[in-house]
Each structure stands twice: as structure tokens, then as C-alpha cells.
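Enquirer: Place chain B on chain V using the hints.
Residues per chain are reported as follows:
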Amino acid sequence: MTKSVALFVTCLVDMMRPRIGFAAIRALEAAGCEVVVPEGQTCCGQPALNSGDRDHAMALAKQTIAALEPYEAVVVPSGSCAGTIRCHYPEIFEHDPLWLARAQAVAGKTFEVMAYLDEVLGWKPEGVRVDARATYHDSCSGLRELGIKAQPRRLLKAIDGLSFAPLQGEETCCGFGGTFCVKYPAISNAIVGEKADAIDATGADLLLAGDLGCLMNMAGKLNRKGSKVRAYHAIELIAGMADGPAIGEEA
Amino acid sequence: MSGFKDRADLALADRILKVAVERTAGTAEAKRAVAVDAFPDFEAARDRAAAIKDHVVAHLGAYLEQFEASATAAGAKVHWASTADEACRIVIDICKAAGAKSVARSKSMLGEEIGLPHALAEAGIGRVETDLAEHIIQLADERPSHIIWPAMHKTREQVSALFKAKHRSPHAEETIAAMAESARRELRTQMLGADVGISGANFLIADTGAVCTVTNEGNAELSLVPPRVHIVTAGIEKIVPSMPHAIHMLRMLARSATGAALTQYTTFYTGPKRAGDRDGPEEMHIVLVDNGRTKMREEGLAEMLRCIRCGACMNHCVVFRQIGGHAYGGTYPGPMGAVLTPVFDGLKESRELANACTLNGKCQEVCPVRIPLPTLLRGWREKSWREGLEPTSMRAGLSLWAWVATRPRLYRLGTGMAVRAMRMLGRKGWIDKLPLVGGWTRYRDMPKPAARTFMAQYKKERRS
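Which chain is which? The protein sequence lines are V and B, in order.
Add 736 to the 1-based position in the first sequence for the numbering used here, that's all there is to it.
Add 451 to the 1-based position in the second sequence for the numbering used here, that's all there is to it.
Only chain V is shown next, with the shape it has when bound in the complex:
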């Protein structure tokens, strides 16, 4: 039976790297899903939530819930946005029984894309080949709010020709932190500087992760220091789209 799933694109993927959204659609379709992109979506509200702006976070959460609730499942190509919907929406509405029920319903059917493909659908990429050596960074929200660790690795291991170089401190924050990186740029830079050095030290060709914010932070630092490591969202490889430009490469 075909599963009808809604793609929550995320504001960052929408603006900065649409390929990730299309890769998610491609992989989900290959896994037998029918993918819908609901019109009413913009941002999940995480920037407002993490800045302490509860009113705007609530307004954006309501908009997102209304846009996503008609669908059987919601899939998100970001651990931190999926984490916001799954873990924080119910917290936001803890004193509003009506919205709490709606928030919980959407939270319960929202999944990070790689977790959905691997855990819910039990799918693996077939016939995908990438001849490269990759290293993987575990983005914090996906790792600690949603337990995303083995799922992307299982999917990536099914890609022919791809080998892995473990990243020292793979679970250590890259220093992105949403608005943190522009509020405290010097501290953020010190953190991502160490991360970039660790990535370079792996000798990998590719840096993979599951969150565009972290990827932009790490790729931006790698480029500034002249590194040759190329960065992709893991779903791009899994969907067989590694032949396209890496982050920061012209199409």
C-alpha cells in the first residue's frame, strides 16, 4: 500500500539548498511513498522558540500544525526541525488543551527523513554508487532529541563504493546553534574551527550530516580555511544525487 506522506521542507532547505528537499522526495518515492508538499508551511518556529519569543513560536507552531495535520505522516529533512515538532510543540501548548491535542497528534506522526526511511519503512537504497570516502557528523538535536545515530549510517552503508572515515568527536556540537552563531560569532568560530580541523584530519572526501544549518556552518568554515572536503546532506547521497554540486559549489 502506498503511504501518503507530507514533506516539511524546512525554511533553510527552502531558501538555501532546495536539492535536499528534492532528494527527500526522491528517496521517499523510491521507498514507495506518495509525497505531498503542503502549501501552508514556512518555518517551524524554532528560531523564535530558542530566542525566548514564545508568542511567535506559538503562532508558527499553530500554522505548521494546521498545515501538516491532514496527512498520514510528516517527514522532515532535518533533525532539529523534526525535534521542534516532535518534542517542543507539545511543550509549547502544555497549558492549552485544544492545541495540545493537535500538537501531540502531529508530533506523533512526524519523523526525520532518514529515521523514517530506515525505521518506519525498513527501506535501503539500491543500485546507488558513490566512489568516495565520507565522514559523518551527528547533529545534536537529531541525536539527542530523536535518537538519530544508526539510521543514517545503515542507509549510507547500502551505497556501493562509499567508505567511511570516523570523525573524532562526531557527537560534539559544531557551534552552529541557530542564532547562537551570529549572536556569539567568536565563540561559535572557535568551536567550528576545531570541528573543521577534525574533519580535515579524517582525510575524507565528503562531510555528511543530517541538518543543513550545521552543514552550512561546517562547510563555510572548511571553505574559509581552504579545505578540499565537500559537504552534502546525507539524504542527497542516499537518493542518488551525489553527482550534483556540493554545498557552496556552483550548479
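Certain hints may be false.
Here are the computed distance ranges between Cβ atoms for each label pair [what the hints assert, rightly or not]:
1. V:GLU808 <-> B:SER850: 30 to 40 Å
2. B:LYS617 <-> V:GLU985: 55 to 65 Å
3. B:MET868 <-> V:LYS961: 23 to 33 Å
From chain V, some residues computed to sit far from chain B (all C-beta separations above 10 Å) [to be verified]:
4. THR738
5. ALA766
6. ALA809
7. PRO833
8. LEU834
9. GLN840
10. GLY858
11. LYS860
12. ARG869
13. ALA934
14. ASP936
15. GLY976
Calculated from the structure, these hints are not laboratory results.
Each residue gets a CB set at the ideal place from its N, CA and C atoms; glycine is no exception.
Expert: Quick look at chain B alone, frame taken from chain V:
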């Protein structure tokens, strides 16, 4: 006092500080991981530790009264202080009544919190810090930068130079052992000559009235047993119902702090010297300090009262590891400090601490009592936003963005324009200078966005 950002910048520029912090915190991180792996079901032990603390915090009044009765029955005198000033005054009065010229102090963060070193100096009472790291801090006239290793910001090379400048007969050999020997020569006589010994408490045992301290140097025992008077200053949240609870918490504390199974010295002090005892103080005073704790319980910070001051949150914090403890500006640094400092110093003065965090959740992952530190920090951000303490530029920017983002059609128009504008600033795939987010492009490049947003491309594809 300079602002948080200035202090952080100074810290970031100090490469020796980075070496010092990395040596100690890095070792602690590695050793904790080994200790936790070897512990049978550490996760269940964390649940139990959190449950013990939650139970005590929920029934704090009853346990404090029980502790007072038990400690009094054991011969100690219990004092109650609702503020830092009151606590210091009580301690000074006891010292004066004892005719004390000098006190030996065994490291206590509560003492730092209430400003006891300063209060003793004002009262003209000599103070000898007996913990090795506190001794270093006292010689350097600085404040602790970590709750377990007050001198973690100093390298051994810096400590060596300090001892050579300040000790009467400093070490000749550049070895740790020789340096420790130099400190021992310096401290022993002062310790043994003190009139009063002052300590904190790691745990207060409600049913026995015992006060527990842990050290790795034995300095607490040596500074608390010989003097005539022993004064304990302890936060009211330090209470546990009975010995088995204390033992459970000790197992969590040592492993989380240093990766050791147990501290070198773990002592339970129950009352002063009894008839027939060969040693011990003649008087034992226990000052129970509130200093905002009751208020914390009432105002959504009850979970923070679980804290057993192990330091694991800061040892594993990416921000602390870059800037060290002094940059935080309060008594307590790191994630737990960022939650506590607004309680003691006011949110207006310390709102930056809650913001200077990536919310990566590592601190919560390693906390032995499962304090939801990111949630509590987000709570301070909300309070700061509500009270209008966040910068106007931030408030205006976020409000405008949210206004647009709650209007999807306008939002599509806006993102389409933003993408085109950004592309004009980029060369060869990257943007190296971007207005509004100069903090980003000062240190790293911004990838140039694709020509059209996902939503625009998707719509076009669907139509064709």
C-alpha cells in the same frame, strides 16, 4: 565589570587558558566515559539519583527539620540563613565568639556563592585555603574558574612560577610531586594553627545529622578536626534522607566529576567531639543557607535543586571548553552556572549566559541527576524576552521575520527576493560578506543559495 562578550573575547585570545582547560576537562571527559561504561546500568542509577533529589526537594521542610533535630541531638548547633549576607554574618559572629584570628577553609562553592572569603577579610580574620587548587587561587588573588578544579584555568607551568614567587621555600625540581611538597610545607603549619575550620557540605544526612565532605587531598579532615570550632555552610538542597541515599549520590558524584569510583577521602562528621573522643572540635555549627533556593523551587527551577555540583555539564560543554569559567562572571560557570547566575545576580545582569549556549543538549546527557539544562536555559531566554531585556535589534528583527513567516504567500515573495539578493553578493558558489549576518561571514563563508527556492521550483515542476 566588563560584559560577557568582552570576557569571552579575552578568554578566546588566551591560548594558555585553552591548553589548561583542555588538559583538565579533556581528561575528565575521557575518564568519566570509562567509569560510566563500567557502571552496571548507569541510566537506571541516574533515574534513582534524580528521584532521590526530587523527593527531597518536594519535602524539603520536613527533611530540614529532621536534619536539625538529628544534628542538634548529636551536639551540633544549627543556624538558618535566608540570604548570603545573613549566612556570612552568622559565620563571622561564631568566629568572633571563638576569638578566632585565623580560619582554615576547606573548598566550598557555597562559601564562594555567599562571598565568605571577602566577609572574613572584612572582619579581619585570616584565612588559609587548604584545598590545593584554592590555595593556588588564593596566592594568585583570583576566583575559582570551575566548581571541582578552581584553578583549572592555570597550567602546571604557571602554578610552578606562582609557587616560586610566593612560597617561603619553593620546589627546586620541576615535578608535580615537588610542587605538591612545596604546597604541603606552606599549608601544613597554617592549617594546624587555625582556630576555626570552615567547610561546605556535599551531603547533609537527615536521619543522622551527619555532614558529608569529599576531597582528594584529605585537606577537609586536616582542617576540620584539629581546630576548636568547625563551621559548616551548606545550601538547603544538600539534604538526603539517609545514608544509603548519600552513598548512591556519592557513586554518581565521583564518577561524573572525575571518573573515579570514589573520592580519596569521604568523611561524615556527626556532631562535635564527644566525651571520651580523642580528637575533634569542641563546637560544631551548621549554617543552612537558602539564598534564593526556596524561590527557585517556586519559580520553575526546582529541577536545578537536584544539582550535586559534579561539573560534568561544564566539562562537556563546547562553550565552556572554549572560554573557561571566568568569562561567565558568576560564582558558578558552565551550563549549571548559566542557570544559577540569574538567580543570584539578576537576569538583567546575566541574560547573556542563557543565550551563549548552542542548546546541543550534551550537558543534559551527562548530568547524573538528569537536570534538563537546555530547557531551563530556554526558560531564562523566555523570561528575558518577556521582560524586554533582549536587544531591540533582535526583538525587531525576529518580530518582522515572524510576521512575514506567518503569512505564507508573502513569505514566498520575501524568500524569493532574499535569494536573488544573496546571489548577487556571491562569487563562485560562496558569499564572503553578508549584511545582517556579519558574525557569520567574518569567520566563515556562506554558501550561495540556489537560483530559486524549493517552493518555487516545486510549484513549477508540478505545473509542467
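Enquirer: Enumerate the violated hints, using their earlier numbering and listing them in ascending order.
Expert: none
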